[in-house]
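Visitor: Sequence:
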Amino acid sequence: MNEAAGTVVCGDLIVGAMAQSWRFLMQGVTSLLFLCARAAAADDDEYVRPPPCPLVLVAHDKPAWHPQQVHISVVGSDHMRVSWVTDDRRAPSVVEYGTSPGNYTASSTGDHTTYRYFFYKSGAIHHVTIGPLEPSTTYYYRCGRSGDEFTLRTPPSTLPIEFVVVGDLGETGWTASTLSHITAGGGGDYDMLLLPGDLSYNADTQQPLWDSFGRLVQPLASARPWMVTEGNHEVEALPGIPVVGELVKPFVAYNARWRMPYDDGDDEASGSSSSSTTSNLYYSFDAAGGAAHVVMLGSYAAFVEGSEQHRWLARDLARVDRRRTPWLLVLLHAPWYNTNQAHQGEGERMRVAMERLLYEARVDVVLAGHVHAYERFTRIYDNKADSRGRCTSPLATEATGKALLSSSSRTTSRRTCRSFGRRASGMAG
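In mature numbering (1 follows the signal peptide of the UniProt record, and there is no 0), the protein residues as written are -41 to -1, 1 to 388.
Each hint should be verified, as a subset may be incorrect.
What the hints assert, rightly or not - Now the in silico label distances, taken between C-beta atoms and shown as ranges: (1) Asp341 / Arg270: 19 to 27 Å; (2) Pro10 / Arg315: 36 to 44 Å; (3) Thr110 / Gly265: 44 to 52 Å; (4) Gly265 / Asp70: 28 to 36 Å; (5) Asp341 / Ala18: 46 to 54 Å; (6) Asp345 / Gly61: 54 to 62 Å.
In short, the hints are calculated from the structure, not lab data.
Since the model is a prediction, treat every value here as computed from it, not as a measurement.
Every residue, glycine too, gets a C-beta built ideally from N, C-alpha and C.
Using the sequences and the hints given, assemble the complete structure.
Guide: This is the structure in structure tokens:
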């Protein structure tokens, strides 16, 4: 298949992802039965995943021209992409913006796309890049020359920078709780959200749920950049149904709705470490003026040696000047190390193919999702604890976490970590 179009080329991975496409249909019953059986036999220290919450559906009760599902993402060092949806496919792809409410001193135009999935046809999905923008600055903006005014704050150009990291977000009562935790306390006083796959989660093949998800996260995603990569629930291929034209095309909703800066890499003359790719499923970007380089890998795109993703990763990491960039972060969906009984070995082929590249580049931390349970490891390489090495410290996360990069210091928390090799029980998807 054509990787440039964002399709899966790893057969065994897509089979596994397709097999899960229908899981949500029986999620409530199967989860409850599993948890009852697990609770009866669980040891005191075993993790048991709580039962799923009901879906949180957010309706759109505005006119067809009214912008909805607004979210933003970084593009280069001083631009931002604004994305939104209108039911009216003739609505203009334009963003007006300025540094004071209602006073729009600049505007930018972009484009829009639509997609089909069986009998579903999306609204117009608009993408407009605005800038150049000043760092650590609040901007007020409006989409499509009408509708609501939104507020965004650009990330800082130097350290410190604060990331929120959340995986497998979904659109249930747990999602609402997670979003409230993000904004609690400081009222959303962070700089960027990183999401390593499984965005809407429950929307897997159910396209109207993508629209509901976009409306659910809009209050946060319109105010701070959300940088995401795909998970197994973004594949959306159906078991037994071949890919025919645009009918059931893997990643079609994800690629149309959540356009990341995969093709916006700066050239080396600019000093940026980011480099362009041919797929929206993996990319990199700089943060804090280049003090942090963030690599978003695709667990469900080809990753073996010789693949485009593997070649790109080698080039991208080779461009990072660690004297200028003290922090090197990698995010992916399926964890390479996981003591939970769920999803054992699913990231092993990718680890074998790519771990050495990360190790030799001295990556500081790897963040993953998929397992639906927080777990943190000491330094590990090639399935062994590596106390003398600098990298890599993998984390698997479902709920919200905050990561503050405050300086170039390598000092890390001394809180006790779970030793590699200890298994925890639970279920994940």
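Visitor: Hint by hint, say whether it matches the structure.
Guide: Results of checking the hints against the structure:
no.: 1; hint: Asp341 / Arg270: 19 to 27 Å; verdict: holds (22 Å)
no.: 2; hint: Pro10 / Arg315: 36 to 44 Å; verdict: holds (40 Å)
no.: 3; hint: Thr110 / Gly265: 44 to 52 Å; verdict: holds (46 Å)
no.: 4; hint: Gly265 / Asp70: 28 to 36 Å; verdict: holds (33 Å)
no.: 5; hint: Asp341 / Ala18: 46 to 54 Å; verdict: holds (50 Å)
no.: 6; hint: Asp345 / Gly61: 54 to 62 Å; verdict: holds (55 Å)
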